[in-house]
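Peer 1: Residues per chain, in single letters:
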Amino acid sequence: MRILLAEDDPDLARQLKTSLSDAGYVVDHAPDGEEAHFLGDTEPYDCVILDLGLPKIDGVSVLERWRRDGKTTPVLILTARGAWSDKVSGFDAGADDYLTKPFHTEELLARLRALVRRAAGHAQPMLTCGGLRLDPRAARASVNGEPLRLTSLEYRLLHYLMLHQNRVISRTELVEHLYDQDFDRDSNTIEVFMGRLRKKIGGDRIETVRGLGYRLKPLHDEVGSL
Amino acid sequence: MSAAESAPRRGLDPRRFWRRLLRILSARDSLVGRLIRLASTYFTVALIVTGIALTAYFHEVTMHRFQERVGQIADSLFSVTNIDADGVDTSRFVDARSAIVHSGLYWQVGEVGANGAIVSAVTSRSLWDEQLPLPPGVLRDARAHSGSSVFYDGMGPVNEPLRVAVIYSRVNNKPYVFMAGEDSSPVEHDVRTFALLTAAALLVLALGALAAIFIQVRVGLRPLFDLTDEIAHVQSGEQQRLTKTYPAEIRPVAHQLNAFLDHAQEVVERQRMHVGNLAHALKTPLSVLMTSAGDSGDALAQTVRKQAETMRAQVDHHLRRARAAARSKAMGERTPVEPVLDELAVMLEQVFQDKGVVVDWRAPDDLAFRGERQDLQEIAGNLMENACIWCRRKVMIHAEFDAADQTVSLSVEDDGPGLAESRFDEVLKRGARLDESVPGSGLGLSIVDELVRAYGGTLSFGRSGWGGLKVTAHLPGGRTAS
Numbered sequence: 001m002r003i004l005l006a007e008d009d010p011d012l013a014r015q016l017k018t019s020l021s022d023a024g025y026v027v028d029h030a031p032d033g034e035e036a037h038f039l040g041d042t043e044p045y046d047c048v049i050l051d052l053g054l055p056k057i058d059g060v061s062v063l064e065r066w067r068r069d070g071k072t073t074p075v076l077i078l079t080a081r082g083a084w085s086d087k088v089s090g091f092d093a094g095a096d097d098y099l100t101k102p103f104h105t106e107e108l109l110a111r112l113r114a115l116v117r118r119a120a121g122h123a124q125p126m127l128t129c130g131g132l133r134l135d136p137r138a139a140r141a142s143v144n145g146e147p148l149r150l151t152s153l154e155y156r157l158l159h160y161l162m163l164h165q166n167r168v169i170s171r172t173e174l175v176e177h178l179y180d181q182d183f184d185r186d187s188n189t190i191e192v193f194m195g196r197l198r199k200k201i202g203g204d205r206i207e208t209v210r211g212l213g214y215r216l217k218p219l220h221d222e223v224g225s226l
Numbered sequence: 001m002s003a004a005e006s007a008p009r010r011g012l013d014p015r016r017f018w019r020r021l022l023r024i025l026s027a028r029d030s031l032v033g034r035l036i037r038l039a040s041t042y043f044t045v046a047l048i049v050t051g052i053a054l055t056a057y058f059h060e061v062t063m064h065r066f067q068e069r070v071g072q073i074a075d076s077l078f079s080v081t082n083i084d085a086d087g088v089d090t091s092r093f094v095d096a097r098s099a100i101v102h103s104g105l106y107w108q109v110g111e112v113g114a115n116g117a118i119v120s121a122v123t124s125r126s127l128w129d130e131q132l133p134l135p136p137g138v139l140r141d142a143r144a145h146s147g148s149s150v151f152y153d154g155m156g157p158v159n160e161p162l163r164v165a166v167i168y169s170r171v172n173n174k175p176y177v178f179m180a181g182e183d184s185s186p187v188e189h190d191v192r193t194f195a196l197l198t199a200a201a202l203l204v205l206a207l208g209a210l211a212a213i214f215i216q217v218r219v220g221l222r223p224l225f226d227l228t229d230e231i232a233h234v235q236s237g238e239q240q241r242l243t244k245t246y247p248a249e250i251r252p253v254a255h256q257l258n259a260f261l262d263h264a265q266e267v268v269e270r271q272r273m274h275v276g277n278l279a280h281a282l283k284t285p286l287s288v289l290m291t292s293a294g295d296s297g298d299a300l301a302q303t304v305r306k307q308a309e310t311m312r313a314q315v316d317h318h319l320r321r322a323r324a325a326a327r328s329k330a331m332g333e334r335t336p337v338e339p340v341l342d343e344l345a346v347m348l349e350q351v352f353q354d355k356g357v358v359v360d361w362r363a364p365d366d367l368a369f370r371g372e373r374q375d376l377q378e379i380a381g382n383l384m385e386n387a388c389i390w391c392r393r394k395v396m397i398h399a400e401f402d403a404a405d406q407t408v409s410l411s412v413e414d415d416g417p418g419l420a421e422s423r424f425d426e427v428l429k430r431g432a433r434l435d436e437s438v439p440g441s442g443l444g445l446s447i448v449d450e451l452v453r454a455y456g457g458t459l460s461f462g463r464s465g466w467g468g469l470k471v472t473a474h475l476p477g478g479r480t481a482s
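Protein chains in written order, with this note's numbering: chain A, 1 to 226; chain B, 1 to 482.
Bear in mind the hints are in silico, worked out from the structure with no lab data behind them.
Quick caveat, the model's predicted, so the values are computed rather than measured.
It is possible that some hints are incorrect.
To be verified - Some, not all, of what chain A presents toward chain B, calculated at C-beta under 10 Å:
| # | residue |
| --- | --- |
| 1 | D9 |
| 2 | F91 |
| 3 | R156 |
The beta carbon of each residue, even a glycine, is placed where N, CA and C say it ideally should be.
Same shape as in the complex, but just chain B (with noise of 0.2 Å):
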């Protein structure tokens, strides 16, 4: 349930979400990535095209209606201009803006020479001793639309930027230009103002869909980070097989999982029994040639029980090298460890009864081996089993779990006495026994060390806190979930 717990805290953590997020969206082999890639870039090209339009269309619907305006004064001044021998009269065209000087609206009316430069002029107080410009290009345009507005951007006497709007008219035979303008600043400014706005929102927009892109993405392939999960506590022996219900796409690929799970349990059962009828076989004919020739004392009959005794060392080793690598490579279980201890601990406190041996073990509750029961109970119960043997009355068994390297170390310590450390190494030899008077296969560390190194783990020697043999298997481990 940790995804689904995760979910909301994702989301309660902005800093941590976005962190995410980049991190996933630079991943190139990410599949969340591709998806939002692909979205967002649709989604950002849509966003940008969709952010110019608007600002094209606010600046040409208010550029327009700025022009009208500064075309409506051009057309008033010229309407109420009375031009007679006495000279340009502009005294009815009223308009208080344009009495301040350099307000931002001016106006003129002009009589245009022969060579297409103003003559005399009446300009409004705003131009102060200026005029408007009138380059050629206008005038020409003008004249060929006489009685209406042409327009042009000039430059004002503060130098900002003008809309002029020019109306070409011939009076009393004279030529004369009625020309209005108008600071066209404030509209660019609210242009700009728009346009960032626009921006800015689109923006706001973008990241908002990026998340909400990202949210359903990974909400959407959350059965495969669940596939993933699963697979992972397969591999770590958590559990068996996939067991959550899939969506139809991924349901196959779950399906053939499970199915090669099965199988390579399957094979391993198989070999196991294979190993164990095998054993079984060979072991019973061996009793039988070492019982017959145990019963004569002559030379031929303690030939055939020694090679019989060095046949079965070579059976079980090899046999039980064969079953332990087919173990390891099946996919794993958890086995705690604790039950294990205390069946072997019983029962061996039973099979050395006579001895009075007190088997005594410490484990956590929920220390748990990564591997399989049997080969827990082998590995214990061959190094319990060798601690009986050797010690005077006690056994101690300790197990602790390394959260650093998810181990589980299992030491078995006698009071019996001990092993110099020179002879560590020899103990493992395949077959090798130190005492002969001792019963005992003699086979059992070797066993366990190939056991333990087939879980990819390590067996260690000791001086136990009683002088004897301390022993430890340090496997791979894990707690069971409680």
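Only chain A is shown next, with the shape it has when bound in the complex (with noise of 0.2 Å):
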């Protein structure tokens, strides 16, 4: 497992990379942002721990090159102001997990593990419909190549109205497959959901057929250009 460490304090990355490397990862450090850049882009890592305040170029925007390059390797950010604000930043730049300054090194080994166990899941089709993408193994989407930020329950929702596109699914059937057993099961919220799948996907995706349910198409010059 390769990782790549972007920490600028040179104390705390001796430290990560003594513990990183005890626990069986091969480690590079870079200590500022453009470094730290160069080597993401061109080395295949597994893992990126990525501090966000780096000197030259900060974290979010080195973050930010690497995905709008196309890079699905997972990133850890690391940040030492806790604020919110930092993380949400961070996430919209295509973070996976972050971590407050000051950490524990068993969290950060354990985060680290999950991530690059979730990376390595098995690969499923991509499902597409239109300008729709669907990704199952990253349970990641994107809307004519704009990657969509989705809740759990909006993605299972998603999810199914792919698999069953141009067919009309029912309220009920929906609510089936969104929840749980141990979920409320209410069927107005497939409301609420839809309203909220329709702003992020656009509106005019998915068709509600009256009395019967909701079909998920293709926008009509995404079908001419199919």
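Two independent chains are provided; combine them into the complex using the hints.
Peer 2: Below, the structure written as structure tokens:
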């Protein structure tokens, strides 16, 4: 397992490098944003630990560049400020997990293991519907190449709709697949989720069939181009 | 645009308009009231003077005409009456009205005795068996102006007010008076009617002018009201600075206010930056301390680790407090609640992916928090993270607007083990951690509590529908303009 550690504080970097090596990882260290970006861009890492407060180029920008270039390497961000706005902007840039400084080394190792395991899931076929793409392996979806930020319930709903696209699906059926057994099954909430999903993927893609349910279909111009 | 809309409505509803006018007029400290009082005082005085002058002039003119007529009657009586040895012959004086008893027009020709009283008189039929009185002063006056009319106000046979003309003349060496009198009450009546009409017209004019002045002042001072509205909007967080264009007189005030707002914003921004830098500067060394100590199990290492942890908690506590205080004094913003909940839900589900946490939320689209986005993120983020840590699988967030007290209630529930009521206070204590085995700074709730308080809100605890903990934050809220 190869890991990139981007951290500007030499003491913390040295300690983390030792701990990570002891845990069996091969660690490359980048002391600034420029080097971190270069290494992440050229070397195939299994995971990146990225401090947000890096000199030269800050962590969020580095992460944004990687994601823009199509790099899907899992990234764990370290933040000293602990402010939620930092965490949120890190996630917007494409981070997979965060840790607030100071932290326990064991916790970092545990998070790292989880990230690597998640990324190594089995490959499943990509689902598409017009400009919509859904990757069941990474549990990620995108519309016209723009990544979508979905909650798990929204994702489940979209996944089910995409598996059964062009078919009318009743609310009851959706409720059953959306919630586990122990959830309160209120079919009204389907409307709430449909509203949010439409807002995120574009309203025209989901059609309401009165009295029957919902149908996901590609947009008209997309049908032509397929 | 509400001011522009309400202006014609105000015009259409006269009752509201007058009520409003009265209220403004009676307010001692109102600028509008002052302007209107000043203008209306002058106006009222001017109108009263005009009214009195007009009435007086009308009275004067009508009386003069009336008196002239009475004088003419006396003149013609004097010229047609023939006095000789047979006595007084008035047969050539023909007048229909004076032939009717008590008609209001009277005349008489009388010889004046030595004592100044009328000795014998020929009277009009209208006088019946009475005579027109001749006060001695009038006789003296008439004697002085012999041959021309002198006038006096007397009383008629049926107690009507009379204007009487008296001509004194000596005929055949005997003094005679030729008198004619007419009832002046119709003239008085005319004058009264005129005065009333004038007063009414002037009153209408005064009220109309008052309304015109009021409207003019309101319209003229509209920029001032706009300024007040804008300041209120800034205060309630609907806008950041003053954006309207103001007339030259109050433009400096608007500029100064904007400069002041910018300055306040800048101070807050600087404060935040400073605080962030300080936190960053302290936390990395603390991380190093904790990590070095964490590798070893001896007593010194444990002490260092524990103390470093305490230091971190202290740094967090005080820095956040300073930050919260700096922010809450800043002029407010409006942050839509929904997007913040959405991004936090997406993020936390990803972070707690291995646990399979499902974060669900309900919030009206137009719900807004009257405060900064970062603070809402901090409050909701900490509450939701706590819920994710403690829940088994489910976290539910409800954000609702309370129109009565303009607040947002943000409640976060989980299906975890919950918390005994007796321990609710404990949770808020700085750095308290109820279960050391569960990761988390343990500061989350006290940070939330401080922030919520900085916004004048409250934090309350309860039991969730699933038996877990339910934390509700009541915060200043509103609705975003759609």
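Peer 1: Decide, hint by hint, whether the structure agrees.
Peer 2: Here's how the hints hold up against the structure:
no. : hint : in the structure
1   : D9   : holds, 5 Å
2   : F91  : holds, 4 Å
3   : R156 : holds, 9 Å
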